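These protein sequence lines map, in sequence, to chains A and B.
To convert, note that position 266 of the first sequence is 266 in my numbering; the numbers rise steadily by one, no gaps.
Whatever position you read off the second sequence (first residue = 1), add 455 for my numbering.
Hints were generated in silico from the structure; no laboratory data involved.
Keep in mind that this is a model prediction, so the values were computed, not measured.
Warning: the hint list may mix true and false statements.
Said to hold, decoys possible - DSS-like, lysine-lysine: derived pairs with alpha carbons at most 30 Å apart:
hint : chain 1 : residue 1 : chain 2 : residue 2
1    : A       : Lys390    : A       : Lys111
2    : B       : Lys606    : A       : Lys139
3    : A       : Lys448    : B       : Lys492
Unchecked claim - Cβ-Cβ distance ranges computed for the label pairs, FRET-style:
hint : chain 1 : residue 1 : chain 2 : residue 2 : range
4    : A       : Leu122    : B       : Gln630    : 55 to 65 Å
5    : B       : Asn647    : A       : Lys19     : 23 to 33 Å
6    : A       : Gly349    : B       : Gly486    : 20 to 30 Å
7    : A       : Gln344    : B       : Gln489    : 28 to 38 Å
8    : B       : Glu586    : A       : Arg218    : 20 to 30 Å
Each residue gets a CB set at the ideal place from its N, CA and C atoms; glycine is no exception.
Okay, here's what each chain looks like letter by letter:
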Amino acid sequence: MSDSTLVTTDDVDKALVFKPKDARPAPPSTVGVIGWMRNNLFSNVSNTLLTIVGAYIVYTFFSAVLNWAVFNAVWEAESRRECLDLVGRSGACWPGVAAWMENLIYGLYPKHQVWRINLGFLALIAWVIPLWLPRVKSKVAIGISAVLIYPFLASYFFMGGNKGLVWTLLIALGVTGFAWVWLTTLTEMRYGLPFTRFMAGMLGASGKPQEVQVKYGRFSMLFVFVIALVLVTQWELQEVQTRQWGGLFLTLVISGIGITFSLPAGIVLALGRRSNMPLIRILSTTFIELFRSVPLITILFMFNTMLPLFLPVGVEVNQLLRAIVAVCLFAAAYMAEVIRGGLQAIPKGQYEAADAMGLGYWQSTTLIIMPQALKIMIPTIVGNFIGLFKDTTLVSIIGLFDLLSMSRAVGEDSRWLGLFIEPFFFVTMIYFVFCFLMSQYSINLERKLAAGNQR
Amino acid sequence: MNTNVLPREQTKSKTSSRPVIELVGMSKWFGSFQVLKDIDLQVYEGERIVVCGPSGSGKSTMIRCINQLEVHQEGDVIINGEAFGNDVAKNDHIRREIGMVFQQFNLFPHLSVLENLTLAPIWVKEMPKHEAESLAMSLLERVRIPEQALKYPLQLSGGQQQRVAIARALCMNPQIMLFDEPTSALDPEMINEVLDVMIELADSGMTMIVVTHEMNFARRVADRVIFMDQGEIVEVAPPGPFFDNPRYDRTRLFLSQILHH
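So here's chain A without its partners, still in its complex pose:
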């Protein structure tokens, strides 16, 4: 005990004083990049060998892919024949993909109307941007409005046609919603007040009681709605049939709706399955088990070919709508089981504590149980989203031209006859980018949520 941590004092009767040692930094060979490589890649002979062999395999694979896709590839040609004459099969023939690019992304949507799709997706992005802006407080309301109101705006953008009274009102509602999102975002960032409160102040109700302020705020929103209504009646878009929709656009529409619908529907079904009320429990369980035990392809076929048989003559449900409903119900059943898994992981004590404090069923579910259940299930929920996004390729089987079936069409074009690998490669990359972004976002979210809750 040379560097003793115990210091004796003169008085024998006094207790010894304990002084903890100072912490020293970890040995340099165990930290940093070098330390990591030494520990993980070259810790012993067999590991070193494995590292070298692995690196060689990775190198050969990627160099072959890069040679084909980039270095040996043809970038300008008029037809597949020209590509083959230039490099044979050793390089990719990208001009075919480029020529079909518009179709791969927008399907058979009329070329001069494509701006509507772009605008629709830009509107969605603009709608949700405030969710990531600082000092915006109404994030929940903005999120809900994006799910409930944006679809009206988007569906008219995409479909167009004669509006009629109901659609005119719904579109005006959509425009109002969008205006509200950004007005609120701006006033909250600038003045710390939501738009309606801000307007109440501007209109001179700042000193008056809450109800009067709310009235003034509502009035200002009504004013925005009237302006929107006037604008909407002035403006009409050419109709585009849904059978002209296709490519990445169609994939995003189907999977977007499926993903947005599956989460709330899954939550309701999962709660239903755990309910104490026998009727609700049996109905939920039956629905979940029925849709989970049938392949998605079968459900799509059923909805596509059998549903019209049960409907009265003359009633026709849009084919795309049938596919979307099928995908939604299927996804909801799967999501319900994921959520149920999350609910089961919540300790019984959480329910008891909520009960003991006098919280009712819906209060304890929405405030205590569901936030925790969703948080632990984020990886699985996003995993389901990714699965659903890829499963939408199955709609090609009922004659919808999603991204994958569009890419198959390239090789059937007489100029690019037999050009299958390149479009598939391109489509693979698109799917990869979307799925990778989703999974990265989920990891990000997990980290953010975990930060506050762990030591």
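Chain A is fixed; fit chain B onto it per the hints.
Only chain B this time, still in chain A's reference frame:
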């Protein structure tokens, strides 16, 4: 067995005549196994009851029946003259008078300490947020951890978490507090900080039922000590007679086993 009927004068409470908690012939079964057998108990306002007994004796189940976390099958649980029944809304209303502290704390890990405290006042009592927060802060001061208000439960030590749990129960301003082995999950160094808070609470006149094996706490705080075994109340006595001169052989055996290591 009328050991559990104790003359009024022997309890510390002098103010009230009506019991705040009455258990009348309460029985409960888990499946076909009877965990509680005809429990009769009256607790008066301001009384501090300590319940002890071997594991599986039904002491936790008994206090969980008092706020109906477990539903009894026979007999009555009467709080302030109102019996728990089939009316869910009424049950919830009766329950608001009863705060509960659990062995495993059961704090809500996704909410900060302050949010844990303000949740029930805001959502159940519809108290304005700022009012709930100032109430919460005053209670955190009472349990001596106001500086932890913005942390999350898992960032606190066990003793701190249990004190937050006590403050959370007090936030609803209950008339009765139930403690289900509040110190059993704690490290030895942290037991006293929780017991100190409970002693302070007892001194303030709160009606308390505490399931615990902290016999020094029982001796110091309890008005009556209850010993349970096999679903029955075996013996009820003030702490002095209970510890120095227990009447039943089963109580003597239990005390000799937990007091002499």
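Here is how each hint holds up against the structure:
{"no.": "1", "hint": "Lys390(A) x Lys111(A)", "result": "holds, 26 Å"}
{"no.": "2", "hint": "Lys606(B) x Lys139(A)", "result": "holds, 23 Å"}
{"no.": "3", "hint": "Lys448(A) x Lys492(B)", "result": "violated, 51 Å"}
{"no.": "4", "hint": "Leu122(A) x Gln630(B): 55 to 65 Å", "result": "holds, 59 Å"}
{"no.": "5", "hint": "Asn647(B) x Lys19(A): 23 to 33 Å", "result": "holds, 25 Å"}
{"no.": "6", "hint": "Gly349(A) x Gly486(B): 20 to 30 Å", "result": "holds, 22 Å"}
{"no.": "7", "hint": "Gln344(A) x Gln489(B): 28 to 38 Å", "result": "holds, 29 Å"}
{"no.": "8", "hint": "Glu586(B) x Arg218(A): 20 to 30 Å", "result": "holds, 27 Å"}
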